[in-house]
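A.B. asks: Sequence:
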Amino acid sequence: MKRYQYSRPLRWSATVAGMLIAAGLGLASCSDNYEYEDKEPDFLGASIYDYLQQEGNFKTYLRLVDDLNYQQVLKLTGSKTVFPARDDAWQRFFDGGNPYGVTSYEQLTPAQKRSLLNASTINMAYLAYMLANTSDAENQSGEGTAVRRATQYSYLDSIQRCTDARQLEAPFWTKYSKKGVMLADNGDTYMVHFTPQHTAANKIPDEDMTLILGSRYSNQDVYINGSRVEQKDITCKNGYVHVVSDVLTPNSPMSHVINHNGQTDEFARLMERFSAPFYSSRQTEAVHQLYDGSDASHPLITDSIFVKRYFTESSPLDPADNDMTSYGLLYYDPADNSYSSMQDMGVMFVPTDRAMDEYINGGKGSYLKDAYGTWDNVPTPLLAMFVKNHQKKSFMSSLPSMWGSMNDESSFAMHVDKGDILKSYVCGNGIVYVTNKVYPPIDYQSVYASVMTNGKTKIMNWALQDRDMKFYLYLRSMENMYNLLVPTDEALENYRDPLSWAKGRSQREIWAFRYDDTKDQPVTADVYSVNDDGSKGEYKRTIEDAAILRNRLYDICDCHIIVGEKAEDGTMSGFVDDGSHHFYQSKGGSTIRVSGTGANMTVSGGGDIEQGMPAARQVSRYDADNGRCYVIDRMIHDPVNSVYANMQAHKEFSKFFELLNGNDMIFRIFEDDPEIKSIFSLNTTSSSSGLGNVVSSFGNFQYTVFVPTNEAVDEAFAKDPTLHTWNEIAEQTDTKTQHQWALRLIRFLKYHFVDNSTYVDSQPFGTRTFETAARSNSGRFQKIDISSNGQNLSITDSKGNVAHVVKTAGLYNLQSRDIIVNSNDYRTATQLVSSSQSVIHLVDRALIPE
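Under our numbering, read the sequence shown as residues 1 to 850, first letter to last.
Mixed in with the good hints, there may be bad ones.
[As the list claims (entries may be wrong)] So the derived label-pair ranges between C-beta atoms look like this:
id, residue 1, residue 2, range
1, T571, R216, 54 to 64 Å
2, M124, S218, 22 to 32 Å
3, P205, G790, 55 to 65 Å
4, S177, G214, 28 to 38 Å
[Claimed, not checked] Taking lysine-lysine and the DSS-like style, the derived pairs with C-alpha atoms no more than 30 Å apart in a straight line are:
id, residue 1, residue 2
5, K437, K566
6, K369, K536
7, K423, K393
8, K503, K719
9, K437, K369
10, K418, K566
11, K587, K536
12, K470, K364
13, K203, K175
14, K587, K503
15, K178, K203
16, K651, K677
17, K456, K655
18, K719, K655
19, K655, K736
20, K437, K536
21, K536, K456
22, K587, K783
23, K536, K677
24, K423, K369
25, K651, K719
26, K719, K783
27, K470, K587
28, K587, K807
29, K503, K540
Everything labelled a hint here was simulated from the structure, so no lab data went into it. Using N, Cα and C, we set each Cβ at its ideal position, and we do this for glycine too.
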């Protein structure tokens with residue numbers, strides 16, 4: 001048998017002279033005596049056709065060539081690279097390893113023969129190492145970067161009538177369900193090649209390639225569409241031959257593999273809701289010219305030709321030019337053969353039917369079943385979020401070795417593990433991994449996921465998803481754990497507006513939030529007066545001002561989010577329905593009271609307790625990856641009474657309250673002293689003020705106010721000669737002494753205002769040290785110690801004296817809220833600016849500072 005040369009570089013043009021490369025046959029001068037003008041180089045050997053014929057084991061491949069009248073192309077000088085398989089590979093192909101369902105060569109149609117030949121041919125001469133180089137490889141900038149190339153197979157080889165029932169059941173295909181539709185491929189087909197040069201240049205581990213190919217990988221071999229090249233770089237006069245282990249078929253796009261692998265039918269069916277057949281006049285004309293009925297290989301085709309495309313972020317129009325953004329878009333088109341570039345392609349992680357079923361029926365996607373029953377009923381905007389989250393735009397940035405830190409296209413951790421992969425497919429435009437789990441988008445994983453799907457929580461969903469308030473960004477954090485309490489739309493029809501309720505009984509209003517998705521501004525609020533018994537009265541007006549609505553809804557959302565704990569291993573704790581605590585602090589700083597556990601849990605806000613309203617009850621509960629969502633039948637209201645109002649309302653606080661009101665004359669005398677200031681004020685600025693008197697030292701934080709009983713106040717003044725009442729201070733004629741007495745009294749009073757809200761709860765805790773509002777002589781805030789036995793608090797002052805809470809109903813765990821509003825005259829205010837949440841406890845002795 002004649003021996004053929006291997007591994008010589010060859011760059012062919014249309015003639016032999018143009019095929020010689022500089023490394024082996026470069027021209028040394030401008031002489032007219034060109035050596036190969038009248039003869040071929042000795043090393044070239046036979047043509048591609050002759051080589052295959054002489055080898056003797058490519059008979060089936062040559063039958064293709066002969067039947068398609070292609071022998072002259074492979075015999076004459078030219079520039080081709082072919083990837084034929086030997087006859088034993090063809091036998092395996094006919095024994096059941098082919099997509100056409102044929103069992104012999106004779107059963108192949110002319111179109112199938114043409115597809116097989118063209119899919120294994122490249123219209124340029126490439127040595128194996130050159131496959132990985134892009135067009136600027138001469139400058140070395142593109143060496144080792146290419147992972148795929150276009151083959152000779154074109155969309156003209158792909159024309160077929162689509163009669164697939166599942167495809168034609170998709171929303172945009174039903175009009176063709178009776179007769180089907182003539183489809184052409186979306187772009188020319190690409191061959192995917194993994195070469196040692198590519199994997200080395202991109203530092204792709206062997207283990208990655210083994211997982212990608214689905215079989216053991218050797219870093220010395222070349223793989224074409226997943227098939228190993230058994231013999232490479234066979235140099236012929238008109239190109240190169242690379243013998244492959246398996247028959248190459250046209251490399252299908254990812255969409256085809258997802259639809260026909262037999263394991264991912266559910267996902268495929270959902271994905272097809274975002275596809276449509278698009279008429280192509282250009283392809284129709286080209287097909288009609290080629291398929292004119294002139295011979296068996298070109299039967300007459302007169303139908304219009306369509307191309308299957310998906311609605312994507314870069315191509316959002318449907319066949320009628322309607323913008324499908326609100327319908328739902330994918331990141332990219334999995335049917336687009338030319339997606340990405342020679343250097344890259346896409347990746348899709350596609351869950352099996354079983355994984356899809358487990359997710360919606362028993363997993364964390366059960367809220368979808370509760371809302372919609374089946375996957376088929378999930379609205380397309382939500383469904384698009386799910387489908388596209390299984391897409392990765394770049395194969396090169398989604399290699400298996402990167403999965404441990406890989407994020408989805410929204411930059412959230414995807415949590416793909418190699419153990420999730422059941423099978424992999426090398427497609428013409430990317431890699432498809434069939435997985436045993438789903439990879440829901442962050443919105444599906446988040447604690448607010450079930451709110452999006454619940455038809456009874458549309459108002460809260462609007463508020464949480466609002467791009468101005470941005471709660472969805474906060475609740476997306478997977479490093480934290482949240483309890484999200486979600487009042488129903490019906491519950492939000494009874495919102496006691498805190499501004500109006502704090503202004504006084506005659507000005508109280510109840511707002512009924514409404515949702516109408518037919519309007520650009522879907523959320524409004526009808527305003528009602530309030531009857532003497534606190535119920536909804538007459539209709540007054542409707543609020544459509546988005547700023548005012550957002551202001552209240554932001555306050556509502558803040559009150560209904562409680563942060564729990566999440567360990568590094570993902571274990572979550574701090575669920576409000578576990579019975580471990582009675583009081584929880586919300587994101588906004590308010591405190592809610594919880595009773596009962598599990599489905600019997602009830603919750604009340606400080607305002608509900610204040611007004612004697614029933615507690616909210618749980619309607620439903622959903623677990624998420626970062627917390628738990630509870631749908632409740634009533635709103636939680638923050639208190640509207642300020643510290644000032646609460647202390648004024650209880651005679652048991654009267655003596656301490658009297659001292660807190662201060663003495664205006666003393667404040668004027670020592671107005672230059674920053675410490676001797678009124679404890680209560682309106683906190684008025686040019687654009688804001690307190691909603692009535694507020695604690696001047698409070699910020700947008702949480703506090704505890706310890707109020708000594710009237711008897712304890714008397715006792716403190718009797719025992720401590722340094723304490724003097726405001727009247728005594730006013731009567732003092734020595735200014736220095738007067739200043740000392742005033743400063744001592746102010747510090748005594750402020751020493752009872754403590755950072756953080758500490759409640760009498762069922763949970764004991766050891767000594768905790770907190771700062772107070774009182775300063776020391778050094779200018780630092782003085783501190784106080786608090787501990788709990790689960791039944792009471794022990795408060796230890798600077799002298800070592802210990803006070804305890806007097807547990808008289810209504811005089812401890814008494815919540816207050818000091819509100820700042822958006823006007824220097826609170827009577828004209830329309831919005832909340834900030835607030836300070838606090839809890840008041842009556843205690844059995846006064847606390848003495850340094």
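A.B. asks: Does K203 pair with K175 here, judged by a C-alpha cut-off of 30 Å?
C.D. replies: It is violated: about 49 Å lies between the C-alpha atoms, which goes past 30 Å.
A.B. asks: Is K587 within 30 Å of K783, Cα to Cα?
C.D. replies: holds (25 Å)
A.B. asks: CA of K437 to CA of K536, is that 30 Å or under?
C.D. replies: Roughly 50 Å separates the two Cα atoms, so the pair is violated.
A.B. asks: Within a Cα-Cα threshold of 30 Å, do K470 and K587 meet the stated pairing?
C.D. replies: holds (14 Å)
A.B. asks: Does K807 lie within 30 Å of K587 when you go C-alpha to C-alpha?
C.D. replies: With Cα atoms ~28 Å apart, K587 and K807 stay inside 30 Å; holds.
A.B. asks: Does K677 lie within 30 Å of K651 when you go C-alpha to C-alpha?
C.D. replies: holds (24 Å)
A.B. asks: Would the hint linking K470 and K364 be met if the CA-CA limit is 30 Å?
C.D. replies: holds (24 Å)
A.B. asks: Check whether the Cα positions of K503 and K719 lie no farther apart than 30 Å.
C.D. replies: violated (41 Å)
A.B. asks: Has the given pair, K719 with K655, been kept, meaning a C-alpha gap of at most 30 Å?
C.D. replies: holds (16 Å)
A.B. asks: For the hint 22 to 32 Å, verify it against the beta carbon of M124 and that of S218.
C.D. replies: holds (26 Å)
A.B. asks: For the pair supplied as a hint, K503 and K540, confirm whether the alpha-carbon distance does not exceed 30 Å.
C.D. replies: holds (17 Å)
A.B. asks: Are T571 and R216 spaced within 54 to 64 Å by their CB atoms?
C.D. replies: violated (38 Å)
In summary, the structure is inconsistent with hints 1, 6, 8, 13, 15, 17, 20 and 23 from the numbered list given earlier, while agreeing with the others.
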